[in-house]
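154 is the number that UniProt numbering gives to position 154 of the sequence shown; each next residue is one higher, with no gaps.
Hints listed in this document are in silico derivations from the structure and should not be mistaken for laboratory results.
Do not rely on the hints blindly, as some may be mistaken.
Stated by the list, open to error - Listed below are the simulated BS3-like cross-link pairs for lysine-lysine, each with C-alpha atoms no more than 30 Å apart in a straight line: (1) Lys276 <-> Lys363; (2) Lys248 <-> Lys169; (3) Lys342 <-> Lys248; (4) Lys342 <-> Lys363; (5) Lys107 <-> Lys89; (6) Lys363 <-> Lys89; (7) Lys270 <-> Lys363; (8) Lys89 <-> Lys38; (9) Lys270 <-> Lys169.
What the hints assert, rightly or not - Pairwise CB distance ranges (calculated): (10) Glu252 <-> Ser371: 21 to 31 Å; (11) Leu232 <-> Asn375: 24 to 34 Å; (12) Gln406 <-> Glu252: 11 to 21 Å; (13) Val350 <-> Ser371: 39 to 49 Å; (14) Arg154 <-> Asp344: 18 to 28 Å; (15) Arg292 <-> Gln406: 16 to 26 Å; (16) Tyr454 <-> Phe429: 34 to 44 Å; (17) Asp111 <-> Asn375: 39 to 49 Å.
All of these numbers come straight from a predicted model, not from anything done at the bench.
Quick reminder that beta carbons are idealized off the backbone N, C-alpha and C, glycines included.
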Amino acid sequence: MGCVGMTAKCCMSARNFLCGDPLDYEFATNTTCHGAAKIANAHNRVHRLLWAMVFLGSFSVCVWWIADRVGNYYGYRTNTEISRRFEDKLIFPAVTVCNFNRYRASKASPDTLEHLWELLNLHTALVNRGNTSYDTSLWDSPPINATEFADLTRQAGFRLDDDTLIMCKWRDVDCHQEDFEHHFTPYGNCWTFNWNTSSARAQPTAGEGNGLRMVIDIHADEYTEPANLDSLDVGLKFLVHDQHDPPKMDSEGLAVAAGTHVYTSIVQQKFINERKPWGQCVHGTTLQYYDRYSLTGCLLECRARRVMDMCHCLPASLPGPADVPHCSPMQLGNCAYKELAKFDRGAEEVGRCNCSVPCEETKYQVSLSYSGWPNRDAVTLFNRSLDELRANYVSLDIFYQDLNYQTFQQFQTVTVPGMISDIGGQLGFFLGASIITLSEFLEYLILKVIVHRYGPENEENTEDHGNKDEHREKEVLVKSH
Numbered sequence: 001m002g003c004v005g006m007t008a009k010c011c012m013s014a015r016n017f018l019c020g021d022p023l024d025y026e027f028a029t030n031t032t033c034h035g036a037a038k039i040a041n042a043h044n045r046v047h048r049l050l051w052a053m054v055f056l057g058s059f060s061v062c063v064w065w066i067a068d069r070v071g072n073y074y075g076y077r078t079n080t081e082i083s084r085r086f087e088d089k090l091i092f093p094a095v096t097v098c099n100f101n102r103y104r105a106s107k108a109s110p111d112t113l114e115h116l117w118e119l120l121n122l123h124t125a126l127v128n129r130g131n132t133s134y135d136t137s138l139w140d141s142p143p144i145n146a147t148e149f150a151d152l153t154r155q156a157g158f159r160l161d162d163d164t165l166i167m168c169k170w171r172d173v174d175c176h177q178e179d180f181e182h183h184f185t186p187y188g189n190c191w192t193f194n195w196n197t198s199s200a201r202a203q204p205t206a207g208e209g210n211g212l213r214m215v216i217d218i219h220a221d222e223y224t225e226p227a228n229l230d231s232l233d234v235g236l237k238f239l240v241h242d243q244h245d246p247p248k249m250d251s252e253g254l255a256v257a258a259g260t261h262v263y264t265s266i267v268q269q270k271f272i273n274e275r276k277p278w279g280q281c282v283h284g285t286t287l288q289y290y291d292r293y294s295l296t297g298c299l300l301e302c303r304a305r306r307v308m309d310m311c312h313c314l315p316a317s318l319p320g321p322a323d324v325p326h327c328s329p330m331q332l333g334n335c336a337y338k339e340l341a342k343f344d345r346g347a348e349e350v351g352r353c354n355c356s357v358p359c360e361e362t363k364y365q366v367s368l369s370y371s372g373w374p375n376r377d378a379v380t381l382f383n384r385s386l387d388e389l390r391a392n393y394v395s396l397d398i399f400y401q402d403l404n405y406q407t408f409q410q411f412q413t414v415t416v417p418g419m420i421s422d423i424g425g426q427l428g429f430f431l432g433a434s435i436i437t438l439s440e441f442l443e444y445l446i447l448k449v450i451v452h453r454y455g456p457e458n459e460e461n462t463e464d465h466g467n468k469d470e471h472r473e474k475e476v477l478v479k480s481h
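Please construct the entire structure, taking both the sequences and the accompanying hints into account.
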């Protein structure tokens, strides 16, 4: 082919393996990718082999590193950053209080209580043993209907009134029954302070005595819980939770015995979770019966839908539409408790709810310390004997430990900008390559396609035309001299 269409430097070396294709030689000697020119201009095979090994080794390591970085990105790994922020005041959480005794002896007839305990005993057996096949003859002639059953729980269950709420103070200001919201739970009546209020209370000073203080009479002499219900506890169960989260007393509640003063110091914790595919949080999802999404609320609504679909009624402890009636004792025994037992024991059932953690949620870390309560001087203060006080009274003191909160933020280990930056760093370190180098490769590939499609004649004609122009320029220069 001669020297036509080739650079002079290429033609000077008959041994140069790129002299057969001037486009390859031009690219190799002019690209900004390091090492290619050394291979193209090598004067002997050993020199060329050494540089080829260096180039291929660097290229291989670079590809391996890039593949590893891309794999890390698509592994959707996350890290969690923990930080602490100090505030002048903190919004106080909701506090829910329940009594281990669901029905007071003085508020319901013995026959009614016997019937209720038979029902609840069956429910306990279903939950504990996983048995969903049972005799329903007990409810052929129920003594109370659904409406009466809900009303009975409200009236005969645990109430916060002048008889039970002996003392209540929020930051040394008296609080009353009107400051508590009623909830039905598996423990019957429960009462929540600071629940879902637009004017949430805030604590500006840390330490005991600066939050919520209560003295509650549990009326131990009115307990009706039978021994076969596996409920021999005497005292209260309480839960510190977010204002917009329904109380989940059966799994998260804390117990306190009568004759005890419990000091509850709390630390607010905020969790910020990643969305899919890096995390499992849901964003923008709403619930029907709660004003803010929470995992607990989602599961409660799912349980309620299951019972409504199968039993056409709702237990009083589950949320639902106003036009769906509460379950009667017969419906509870024949259907509702059976379906709830299936639901609670089946992972597939819970999985169908599609309930995930919220993208932002607030939890409270609780630390408890106890003291015996009260001392002898309380006899005069409360006008009751010391034995009666220690058998019936519970004192709760709930407060922020410090005026700061912890943030647990989940974030992507590898982001798109981070991955691109990492890939650019590997290309630059191992090959000296950049976006400009990639553009050169693209130009080279386009020219190769053109040459392959239209043949090398166009390239030679272009070179000849360029040589003629160069010859004319030289003639003009000679004449000018």
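Status of each hint after checking the structure:
1. For the hint pairing Lys276 with Lys363, the CA-to-CA distance comes to about 22 Å; that is within 30 Å, so the pair holds.
2. Restraint check: the Cα-Cα separation between Lys248 and Lys169 comes to about 25 Å, which is no more than 30 Å; the hinted pair holds.
3. Taken as a hint, the Lys342 and Lys248 pair is honoured in the structure, with Cα atoms around 19 Å apart against an allowance of 30 Å.
4. Simply put, Lys342 and Lys363 have alpha-carbon atoms about 29 Å apart, close enough for the 30 Å limit, and the pair holds.
5. Distance restraint check for Lys107 and Lys89: the Cα-Cα separation of roughly 43 Å exceeds the 30 Å cut-off, and the hinted pair is therefore not satisfied.
6. In summary, the hint linking Lys363 to Lys89 is supported, as the alpha carbons are separated by about 17 Å, within the 30 Å threshold.
7. Proposed proximity of Lys270 and Lys363 is supported: the alpha carbons are some 6 Å apart, at most 30 Å.
8. Taking the CA atoms of Lys89 and Lys38, the gap is about 69 Å. The hint is violated against a cut of 30 Å.
9. Restraint check for Lys270 and Lys169: the C-alpha separation of about 27 Å stays at or below 30 Å, so the hint holds.
10. Distance hint for Glu252 and Ser371: a CB-CB separation of about 24 Å, consistent with the stated range 21 to 31 Å.
11. Hint check: Leu232 to Asn375, Cβ distance near 27 Å, so the stated range 24 to 34 Å holds.
12. Take Gln406 and Glu252: their Cβ atoms lie about 19 Å apart, and the range 11 to 21 Å holds.
13. A C-beta distance of roughly 40 Å is found between Val350 and Ser371, which places it inside the suggested range of 39 to 49 Å.
14. For Arg154 and Asp344, the Cβ-Cβ distance of about 25 Å falls inside the hinted range of 18 to 28 Å, so the restraint holds.
15. Look at Arg292 against Gln406: about 21 Å separates their beta carbons, and that is inside 16 to 26 Å.
16. At roughly 39 Å, the beta carbons of Tyr454 and Phe429 sit within the given window of 34 to 44 Å.
17. With their beta carbons about 43 Å apart, Asp111 and Asn375 fall inside the hinted range of 39 to 49 Å.
Of the numbered hints listed earlier, those contradicted by the structure are 5, 8.
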